[in-house]
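**Student:** Sequence:
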Amino acid sequence: MPDLQDNALIVKTGGKGNRFAESVATGDRAEDRTMDYSIGRMGRVVVARGFEAEDLYGEIESLAAKEDIRCAAVVVVGGLRRAKVVVGPKNPTGPIEPTYREFDDAREIAGVGTIFRDESGPKLHLHAGIGRGDEAIVGCPRGGASVFCVLEVVLFEILGVDAAREPDPELGLKLLTLRK
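In the working numbering, the protein residues as written are -7 to 172.
Just so you know, the hints here were simulated from the structure itself, not pulled from any lab data.
Incorrect hints may have been included.
Said to hold, decoys possible - Pairwise CB distance ranges (calculated):
1. Val79 - Leu163: 17 to 23 Å
2. Ala98 - Glu162: 36 to 42 Å
3. Glu162 - Tyr92: 19 to 25 Å
4. Ala57 - Pro84: 20 to 26 Å
5. Met27 - His119: 14 to 20 Å
6. Thr169 - Glu100: 29 to 35 Å
7. Asp96 - Tyr29: 19 to 25 Å
8. Val142 - Arg25: 40 to 46 Å
9. Val130 - Gly86: 18 to 24 Å
10. Gly86 - Val37: 19 to 25 Å
To be verified - Within a straight-line C-alpha distance of at most 30 Å, the following computed DSS-like cross-link-like pairs (lysine-lysine) qualify:
11. Lys166 - Lys76
12. Lys166 - Lys82
13. Lys76 - Lys172
14. Lys166 - Lys115
15. Lys172 - Lys58
16. Lys115 - Lys82
17. Lys58 - Lys115
18. Lys82 - Lys172
Fair warning: this is a prediction, and the values are worked out from it, not measured in the lab.
Idealized CB from N, CA, C, for every residue including glycine.
Construct the complete structure from the given sequences, taking the supplied hints into account.
**Tutor:** This is how it looks when you write it as structure tokens:
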């Protein structure tokens, strides 16, 4: 029977831990692992505009902290002047080593992401299509991602979900963790 917590339905299905890290390391599918999930409800919708040279992550995370947003879905559209973009792992198995593509020439962006907190506050995880002319990059913009001209941001607050970004020591990443 699922647990009811703060008007949110939390269903824990399957497990993670070592099986997840093992499946990444070997490329094998963990047959006994299923998705963990939680059902919340829509809270506030925050619409924001970013300006030239603003720090993409810094501004969105600061806004989430100021408004005490703990969980949110994020949509961005507009321009990025520069970024270092994670475009996948160097190898499909073994330890995760990111592959990067960098640009510093002003590009268009359309992206979706999430905000969940870690021990220091709200953390944005964003994946986007980023392009200029005939060149396109799809990945996770990081490393000095700054706004070109204007960036429109919409945060959809999610209430009733107890979630955080917690370290996974085996993968060396902070991953979404649903708590009971």
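**Student:** Are the Cα positions of Lys172 and Lys58 separated by 30 Å at most?
**Tutor:** OK: Lys172 and Lys58 at ~26 Å, within 30 Å.
**Student:** Would you mind confirming whether the straight-line C-alpha gap from Lys76 to Lys172 stays at or under 30 Å?
**Tutor:** violated (35 Å)
**Student:** Does Lys166 pair with Lys82 here, judged by a C-alpha cut-off of 30 Å?
**Tutor:** holds (19 Å)
**Student:** Has the given pair, Lys58 with Lys115, been kept, meaning a C-alpha gap of at most 30 Å?
**Tutor:** Distance ~13 Å between Lys58 and Lys115 Cα, so the pair holds.
**Student:** Taking the beta carbons of Val79 and Leu163, is their distance inside 17 to 23 Å?
**Tutor:** holds (18 Å)
**Student:** Do the beta carbons of Glu162 and Tyr92 sit within 19 to 25 Å of each other?
**Tutor:** holds (23 Å)
**Student:** Per the hint of 20 to 26 Å, is the separation of the Cβ atoms of Ala57 and Pro84 within bounds?
**Tutor:** violated (36 Å)
**Student:** Cβ-Cβ distance between Val130 and Gly86: within 18 to 24 Å?
**Tutor:** holds (23 Å)
**Student:** Look at the Cβ atoms of Ala98 and Glu162 and judge whether their distance stays inside 36 to 42 Å.
**Tutor:** At roughly 39 Å between Cβ atoms, Glu162 and Ala98 fall inside 36 to 42 Å, so the hint holds.
**Student:** Using the beta carbons of Asp96 and Tyr29, state whether their distance is inside 19 to 25 Å or not.
**Tutor:** At roughly 39 Å between Cβ atoms, Tyr29 and Asp96 fall outside 19 to 25 Å, so the hint is violated.
**Student:** Run the distance test for Lys82 versus Lys172: straight-line Cα separation, threshold 30 Å.
**Tutor:** violated (35 Å)
**Student:** Honestly, do Met27 and His119 meet the 14 to 20 Å range at C-beta?
**Tutor:** holds (18 Å)
Consistency with the previously given hints fails for numbers 4, 7, 10, 13 and 18, ordered from lowest to highest.
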